[in-house]
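J.: Residue numbers (my numbering), protein chains in the order written: chain A, 1 to 316; chain B, 1001 to 1349.
No lab work stands behind these hints: they were computed from the structure.
It is possible that some hints are incorrect.
[Stated by the list, open to error] Restraint ranges, calculated between C-beta atoms of paired labels, are given here:
{"id": "1", "chain 1": "A", "residue 1": "V26", "chain 2": "B", "residue 2": "T1018", "range": "52 to 60 Å"}
{"id": "2", "chain 1": "B", "residue 1": "K1035", "chain 2": "A", "residue 2": "H131", "range": "48 to 56 Å"}
{"id": "3", "chain 1": "B", "residue 1": "R1204", "chain 2": "A", "residue 2": "H131", "range": "50 to 58 Å"}
{"id": "4", "chain 1": "A", "residue 1": "V306", "chain 2": "B", "residue 2": "L1060", "range": "27 to 35 Å"}
{"id": "5", "chain 1": "A", "residue 1": "I298", "chain 2": "B", "residue 2": "S1020", "range": "32 to 40 Å"}
{"id": "6", "chain 1": "B", "residue 1": "Q1156", "chain 2": "A", "residue 2": "D271", "range": "30 to 38 Å"}
{"id": "7", "chain 1": "B", "residue 1": "Y1306", "chain 2": "A", "residue 2": "K125", "range": "49 to 57 Å"}
{"id": "8", "chain 1": "B", "residue 1": "E1136", "chain 2": "A", "residue 2": "L297", "range": "43 to 51 Å"}
{"id": "9", "chain 1": "A", "residue 1": "M67", "chain 2": "B", "residue 2": "L1121", "range": "44 to 52 Å"}
{"id": "10", "chain 1": "B", "residue 1": "N1063", "chain 2": "A", "residue 2": "I9", "range": "22 to 30 Å"}
{"id": "11", "chain 1": "B", "residue 1": "Q1156", "chain 2": "A", "residue 2": "I5", "range": "43 to 51 Å"}
[Claimed, not checked] Straight-line Cα separation of at most 27 Å, BS3-like style, residue types lysine-lysine; simulated pairs:
{"id": "12", "chain 1": "A", "residue 1": "K125", "chain 2": "B", "residue 2": "K1131"}
{"id": "13", "chain 1": "B", "residue 1": "K1293", "chain 2": "A", "residue 2": "K125"}
{"id": "14", "chain 1": "B", "residue 1": "K1084", "chain 2": "A", "residue 2": "K125"}
It should be emphasised that the depicted structure is a prediction, and the values quoted were computed from it without experimental measurement.
We put the CB at the ideal spot given by N, CA and C, even for glycine.
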Amino acid sequence: MVRYILQRILAMILTLLIILTVAFMVVRLMPGSVFDLDPELSDTAIKAMNAKYHFDQPMIKQYGYFMADVLFHNDWGTSIAMRPNVAVWDILKDRIPVTLKLNLISLFAALPFGLFFGIVAAINKNTLVDHLVSLMVVLFISIPSFIYAAGLQYFVGYKWKWLPLIYDPAAHGWAQFRSMILPMLALSFDPIARVARYLRAELIENINSDYMLLAKAKGLTFRQSIMRHALRNSMVPMMNIIIPMFAEVLSGSLVIESIFAVAGMGGLMVDSINSSDHMLTVAILMFYSLISLITILIVDISYGIVDPRVRMGVKG
Amino acid sequence: MDNDTILSVQDLAVSFRTYSGKVQAVRGVSFDLKKGETLAIVGESGSGKSVTTKAIMGLLAKNATIESGKILFDDHDLVKYKEKDFCKLRGKDISLVFQDPLSALNPIMKIGKQITETLVLREGLSRREAKKKAIELMEMVGIPDPETRYNEYPFQFSGGMRQRIVIAIALASNARILICDEPTTALDVTIQAKILDQIKQIKRDRQLSVIFITHDLGVVANMADRICIMYAGRIVEVGTADEIFYHPAHPYTWALLSSVPDLETKERLMAIPGTPPNMVAPPEGDAFAERNKYALAIDFEQAPPYFRLSDTHYAATWLLHPKAPKVEMPDVLKARIARMRQKAGLDNE
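Model the full structure from these sequences, guided by the hints.
T.: This is the structure we're talking about:
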């Protein structure tokens, strides 16, 4: 198991290096320079600045400088457009916790609801309850989160004035949490629906399996057989869905953060691309890649924990 | 219900609602299970044998209804039982061993836990007591090194071992009736024989009453005291094992016996022509008439009653009616029965 995890981590580091290279190349090969945006800069000034940031050197050399800085000094460069002359790392340092907090809370708040609806639908398969849950799932999955975001802002925030319209970074504790409820809600609908849908399908399959019949035949009540057998077995494939869902929530958060003015990574990414702030863009890309890879790693490891067949390396 | 009878099924009829209509899977089945006997129910797929046992255990699918009949156990009618009552009965009074041991165990739960589960949850044993009992049970069903195996998972067990575990689970709460639903069908032949011996021995030791479901007459020969032959949701012939094997009376029983090979079989094995009837609209007369070369005209019009051959032997075929033409069983079968008798040393009879 330890060997397996080490292998996975090594592969993950290699993947990250490749992504870093590709990200650097793609961003740098985009036409246009950050200095084009400012008509007041003189040619001499542009030249001087290009020299300062090594922009006048061949691509391969630029790549060498960049990799050396990142790998040996954790120096991701300096922001040029967004917050000029501030180190990229310092910008991210403030933003990452906000995004992680919002997204993690959204996902974890969504899970119990998703699980609940999935169980209810599976147990009441093909009844009115099941159909209502299915309807809800379709609505939650097919309508994009920013529609819900706008709706929530309009009704809950503006019309009924129950909750603040936008995220309030200055507030603390309860007040800040209150301002996070609307973006969290907007982000939760999709995971709730996905979890409910997958769990319903898995659970129905497990409820009809032979071992459930045995569980009943040996005298367990319906509730006991569901809780102890069907649900636990359904959770094995669920791991594979729930954990990567974090990456999906994060991508939904790109838009949601802008709508609710959350000072997180989402808004920063879009702005940095638009303003040709290359260093910042590469660093943000790396952040999202890292999160995705970590979720995949956690899935692989958790499989081994939940399913003894994987842990012991046996097929079948 | 007399004192010897532990379970009595009376005129049981079960049907399933499906998209193509109401399937009448069981149509008036009656039998008694005596204390300490092994009753075999034999029939081909879809004859209603498993449905009958599921009705006894209250494990019928949601789209099934018990149309009529009684299942008497300890002066209670199980047909009237609610799910809550069945939870107390299953495993404790009546236990079930399934057909497919490979899928019957929960793949991600330790073997030991699967055995002790009900002991802890229902009987209130402590974990340690339950473990001790589980290890005893595993020893009894012939699992070597039960202490280690207790903490292993089903995928670490072979098919035969898994079926032993399923039997151990069935016996965990000292059930009085053990229903074996084709317990050896999924296993290869050598393992089959071992498992059957095991069931026989446990039955003796614990004085269990066993209902043994199978489609394989060969398996039944060494196990059963009495045999019910089922076809299309009805029992067509019932008798002691000797009566069924040496004096079969129903053409379906003849066909079944003819289709089992023995070592001396030289001629082509007889297959039963045709397919079982569609149980959405079962035929009016004898359900087997369509496939029966001995069928009489009345077989297509009216279902035959049970004709008594002896106190224990009844068969539902018009051939036994006093006015019916005399029909002998096929020669192939006669020769085979003669061989069986010879082997059993009954030739002088």
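J.: Which of the numbered hints are not met once you compare them with the structure shown?
T.: 5, 6, 7, 9, 10, 11, 12 and 13
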